[in-house]
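S.K.: Residue strings, one per chain:
There are 2 protein chains.
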Amino acid sequence: MVSKTKANFIISLQKKKVREDEKLYVIEGDKLVKEFLAAKVSVMTLVAKPEFLNSLPLFHKHGIGEIIPASYDELKKISSLKTPHNALAVIEMPEVKMDFADLKMGLKVALDFVQDPGNLGTIIRAAAWFGIKNIYCSEDCVDVYNPKVIQASMGAILNVKVFYTDLVKLFEKASENKIRIYGALIEGESIYSHKLGNQGIILLGNESKGISEELLPFITDKIMIPKITDAKSGIDSLNVSMAASVIFSEFTRSKGRLL
Amino acid sequence: MVSKTKANFIISLQKKKVREDEKLYVIEGDKLVKEFLAAKVSVMTLVAKPEFLNSLPLFHKHGIGEIIPASYDELKKISSLKTPHNALAVIEMPEVKMDFADLKMGLKVALDFVQDPGNLGTIIRAAAWFGIKNIYCSEDCVDVYNPKVIQASMGAILNVKVFYTDLVKLFEKASENKIRIYGALIEGESIYSHKLGNQGIILLGNESKGISEELLPFITDKIMIPKITDAKSGIDSLNVSMAASVIFSEFTRSKGRLL
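In order, the protein sequence lines correspond to chains A and B. Letter 82 of the first sequence, counting from 1, is numbered 81 in numbering that gives the first Met the number 0, and no numbers are missing. Letter 9 of the second sequence, counting from 1, is numbered 8 in numbering that gives the first Met the number 0, and no numbers are missing.
Hint data in this document are derived by calculation from the structure and do not stem from the laboratory.
Given that identical chains are not distinguished, each listed pair holds provided it fits within a single copy or across any two copies.
When the alpha-carbon atoms are kept at most 35 Å apart in a straight line, the in silico DSBU-like pairs for lysine-lysine are as follows:
| hint | residue 1 | residue 2 |
| --- | --- | --- |
| 1 | K177 | K208 |
| 2 | K226 | K81 |
| 3 | K22 | K81 |
| 4 | K147 | K81 |
| 5 | K226 | K96 |
| 6 | K33 | K81 |
| 7 | K221 | K132 |
| 8 | K15 | K226 |
Go ahead and model the full structure; you've got the sequences and the hints to work with.
M.R.: Right, dumping it as structure tokens:
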């Protein structure tokens with residue numbers, strides 16, 4: 000049974016402020032919870048239907064702070080979704096420490112004021128797919144532990160580190176170290192012809208405003224995805240998460256990056 | 000003022016059955032409505048705040064069946080969104096007629112049982128961007144006139160024709176005409192190395208089940224997007240709309256398609 004205090008606590012984690020104070024966040028969904036358990040992530044509380052709990056291998060239950068069997072109605076009460084899944088877990092946030100030395104190796108992504116949780120989740124998923132391990136978010140980006148981001152990222156968050164930081168400072172450091180910054184801009188050069196490198200930072204801007212003025216001077220490579228259409232209306236831009244997927248793909252292809 | 004009958008009628012268009020019977024659908028949002036008016040689409044009813052109506056150029060108002068000024072509360076009542084926009088319009092569905100002769104020219108997309116409205120909307124947007132004009136949906140795909148599809152497609156629906164059809168029959172026709180069918184499959188060949196053509200049909204499957212068994216024999220080219228990761232968990236597949244964007248981009252790049 001889920002006590003009232005526990006229920007209220009889990010619900011309170013839907014708020015960013017509470018998540019930050021407690022250093023905890025919530026994941027929902029049978030598959031997602033199983034993936035987190037398999038990845039040996041630190042799980043404080045697991046609330047799930049008895050059937051779900053019975054289906055777990057014993058060694059997955061080790062190390063879980065507390066396991067609470069619950070009914071559909073109890074899960075519905077604490078879920079952020081209209082229709083709850085069979086399992087929900089409270090997870091400890093990993094400590095993420097920025098290391099500027101990291102910047103020099105491989106491809107990274109920087110996101111400037113990306114607001115839509117679905118977009119951030121999808122970008123994390125695309126980054127994980129294309130082997131990009133670090134995402135630097137400006138401090139006004141949507142919170143990575145927002146339930147909708149977690150849902151859209153589909154477990155890919157286990158493979159990608161997301162940092163919140165002052166992008167101006169980050170880019171100053173990058174510039175000092177001659178690290179290329181690829182900015183996705185309407186007036187950029189086609190990603191199909193621009194010479195892409197094997198390392199650097201891919202910078203993507205806000206859904207409607209694009210990249211902030213103050214970040215523009217740091218861009219060393221202006222890139223864009225060519226529009227192949229004669230249409231006069233209706234398509235101003237690709238969605239930022241689609242653009243991310245296409246750009247990550249093109250970096251991968253052009254450099255023959257393979258693990 | 001929006002009469003009660005009118006309000007109920009507009010709300011009833013949230014149901015697919017009613018949309019099909021009436022051959023009407025609803026769009027919401029200031030920018031979207033303006034784009035539809037600019038594109039000279041047949042608008043039966045425009046419900047909007049007086050400020051919005053006043054901001055319209057006179058020639059955009061010509062040909063609108065009826066214009067109803069409305070308050071925020073009235074718009075909220077008839078909107079499918081939690082927070083209504085300033086304008087909502089009832090649009091006549093265009094007659095779309097399948098022409099098999101079309102199949103022979105350029106790139107097309109076929110979607111097998113794509114269920115998520117956001118995915119269909121995003122795929123339409125990506126298709127429009129990359130100059131793909133025809134999308135063939137299996138009859139069990141989500142309805143293109145579903146409000147969430149329209150919202151996600153962001154007006155791109157004005158530039159892409161969406162047909163609902165029996166994909167087996169379509170592919171039989173395609174096979175007779177030696178049209179290549181590119182199926183996105185886990186066991187496919189990398190899109191970076193597979194020789195892509197300038198025409199044919201790109202087939203994408205359901206979000207969790209992939210491409211139906213019955214369609215597999217028609218596939219002439221099995222393709223996939225390589226995963227560049229050493230991660231053991233969390234990334235089974237790219238979301239179908241991200242995969243679509245990447246595949247459309249790679250067809251574009253490899254053939255130097257330009258208008």
